[in-house]
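Those protein sequence lines, which keep their order, are chains A and B. Quick note on numbering: my numbering labels position 145 of the first sequence as 145, and the sequence is numbered without any gaps. Converting from the second sequence to my numbering requires adding 359 to each position, the first position being numbered 1.
Since the hints were made in silico from the structure, they are not lab data. Cβ coordinates follow ideal geometry from the N, Cα and C atoms, glycine included. One should not assume that every hint holds.
Said to hold, decoys possible - Stretch by stretch, here's where chain B covers chain A in the computed footprint (C-beta under 8 Å, at least three residues):
id: 1; region: 36 to 45
id: 2; region: 206 to 214
id: 3; region: 286 to 295
id: 4; region: 313 to 323
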Amino acid sequence: MTKRTIIPFGPQHPVLPEPVHLDLVVEDEKVMEAVPSVGFVHRGLEKLVEKKDFQEYVFVAERICGICSFIHGMTYSLGIEKLMKIEVPERASYLRVIWSELSRVHSHLLWLGLMADAFGFESLFMESWRIRELVLDIIEETTGGRVIFGSCKVGGVRKDVDNASLKAITVKLQDYVLRVRAIADVFLRDASVKHRLSGVGKLSREEAYTLGAVGPTARASGVAQDMRKLGYAAYPRMDFAPVVETAGDCYSRCSVRIREIFQSIDIIGQAAGSIPDGAIENKVSGFPDGEYFARTEQPRGEVVYYFKADGGKFLKRLRVRTPTFANIPALVKILPGHELADVPVLVLSIDPCISCTER
Amino acid sequence: MKEEQVFLTVGGEEDLFSRVRGMKEEGWRLAQVGATKTETAFEVNYSFDKDYRFHNIKIILPLQGAELKSISGIYWSAFLYENEISDLFGIAIKGIAVDYQGKFYRTSVKHPFGENK
Chain A
1 MTKRTIIPFG PQHPVLPEPV HLDLVVEDEK VMEAVPSVGF VHRGLEKLVE
51 KKDFQEYVFV AERICGICSF IHGMTYSLGI EKLMKIEVPE RASYLRVIWS
101 ELSRVHSHLL WLGLMADAFG FESLFMESWR IRELVLDIIE ETTGGRVIFG
151 SCKVGGVRKD VDNASLKAIT VKLQDYVLRV RAIADVFLRD ASVKHRLSGV
201 GKLSREEAYT LGAVGPTARA SGVAQDMRKL GYAAYPRMDF APVVETAGDC
251 YSRCSVRIRE IFQSIDIIGQ AAGSIPDGAI ENKVSGFPDG EYFARTEQPR
301 GEVVYYFKAD GGKFLKRLRV RTPTFANIPA LVKILPGHEL ADVPVLVLSI
351 DPCISCTER
Chain B
360 MKEEQVFLTV GGEEDLFSRV RGMKEEGWRL AQVGATKTET AFEVNYSFDK
410 DYRFHNIKII LPLQGAELKS ISGIYWSAFL YENEISDLFG IAIKGIAVDY
460 QGKFYRTSVK HPFGENK
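Next up, chain A with everything else stripped away, as it sits in the complex (with noise of 0.2 Å):
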C-alpha cells in the first residue's frame, strides 16, 4: 500500500494572496483528500454594526472587499433601502449598474492574471492585468477611488457622472473589448493553457447545486444561477442572461469568467446608453426595522447579507454570506484524485477571496 503523506498548502504559498490553508493528504503525488482551513485573518467586521451607525457602516461594508467593495456597500445599501422603504431614483440605480459592471470587469481581469501566473504564463499575467489597470483608471475618473469607491450610500449614491463622461467611457470600453479578445483568445486557444485546464477539476451539475456552489464556479457547471436576475438595481431594465457551461472544469470556469467581461462590457453600455437624468440620492429619515436577506451577484458569486434590526440607530445583527465561503466546499471535492501540481491552478479556479471571507 502506498504511504499516505499530510502536505501542508498555505497560509503562505506563492499562488495565494491571501492566507487560506489546505491539509492535503497525498499517495505520491495524488491528493487523495483536501481539508480546507480559513480563519487565519478572521476581523469580525460584522460585529462593527454595533459601534456604527447604520449610515456610517456602509463605509466599513466596502471594506469587507477590496475587489468586489462596490458591490458589498451596494448590497448593504439595499438591504437597508428594502428595511425602511426607501425608493432609490432611477439614475442611482443605472450608476450602480454600471459600477458593479465595472467592479465585476476589473475582478475578473484580476483573476484571469492570476490564472495565467499560476499556470506559469507571465507575459499573459501581465497583459491582463495591464488592461486591468485602465479599467481601474475609469473608476477613479468616476468616483475618485481604485480600490474603495465610496460612491454607494444608503438612498442612492454620492457621485454622478455626466452623460458625455459616460459616452466617452463605454467608447474606451469598446477599444479595450479588443484587448481582452487577444488574451481571451490565448486563454482558450493555446495548447499549453487547455493542457493546464481541460478536464482539471470536474464538478458535475448535481454536485455544484448540491454543495452550494455560486457565481462562475457554479455556472461552468451547467447552473444557470445569477443573481442579477432578482431584479434589484437597474438589472430588470438591461438584456442579459446567465453565462452558462457545462463542462465543469477549469477551463469552463476561465471560459464563464472571460465570457462574463464582454456581457459586462455590454451592459455598460446599455446602461449608460438608457440612462435617466434625475437625481441621484433620496433623504434618508428614520432607522431600519425587521429582519431582510439581501443578495446580489458579485464577480464571484451570490452574497447573502442578513439584516435585524429594531428602529434604533445601530442594526442588531448583519451578517455576511460571501462567494468564496458558499465555494469551499466545491473546492474540496475537487481536489482529490488530482496531481499535486495541480492544486494552485484548482484553488485558483474557484477564484478565492480570503479578504471576503474573513469579513
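With the hints as your guide, set chain B onto chain A.
The following block gives chain B in isolation, referenced to the frame of chain A:
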C-alpha cells in the same frame, strides 16, 4: 428588490430536521446558515434558494447551554457554517461532518459573538 422571501420559525429540533430534509428532497439549495444573539436567545437561520425564491427557517435556542444537531448529514456543505457558529457564538453543534472542534477561526476572544457585554 422584488424577491419573494418566506420566513418560518420552527418549534424544535425535530421540526427543523424534518423541514430541512423536506427542502433537500424538493431540490432547494442551502444558501447559508447564520446565528444571531438577542437579549434573550440565540436565533439560528437556515436559508434556502430555489429558482430565485428564498426560504428561511429559524430556530430559537436558549442562551445558556445552547445545543443543536448538525444538518451536515443532509446538506454536507453545512459543516462550514456550523463550525463558524460554534466558534463565534459558542453554540454546541453535535455531529458535524467535518468538526474543527473550536479551531475553525483563530480568535483572540473565545466566542466573540456570543459574549454578554
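Hint-by-hint comparison with the structure:
1. 36 to 45: That given contact holds, which follows from 6 residues of the region 36 to 45 of chain A lying within Cβ reach (below 8 Å) of chain B.
2. 206 to 214: Our answer is that it holds, as 4 residues pass the Cβ test (under 8 Å) against chain B, meeting three.
3. 286 to 295: holds (count 5)
4. 313 to 323: Check passed, 4 qualifying residues.
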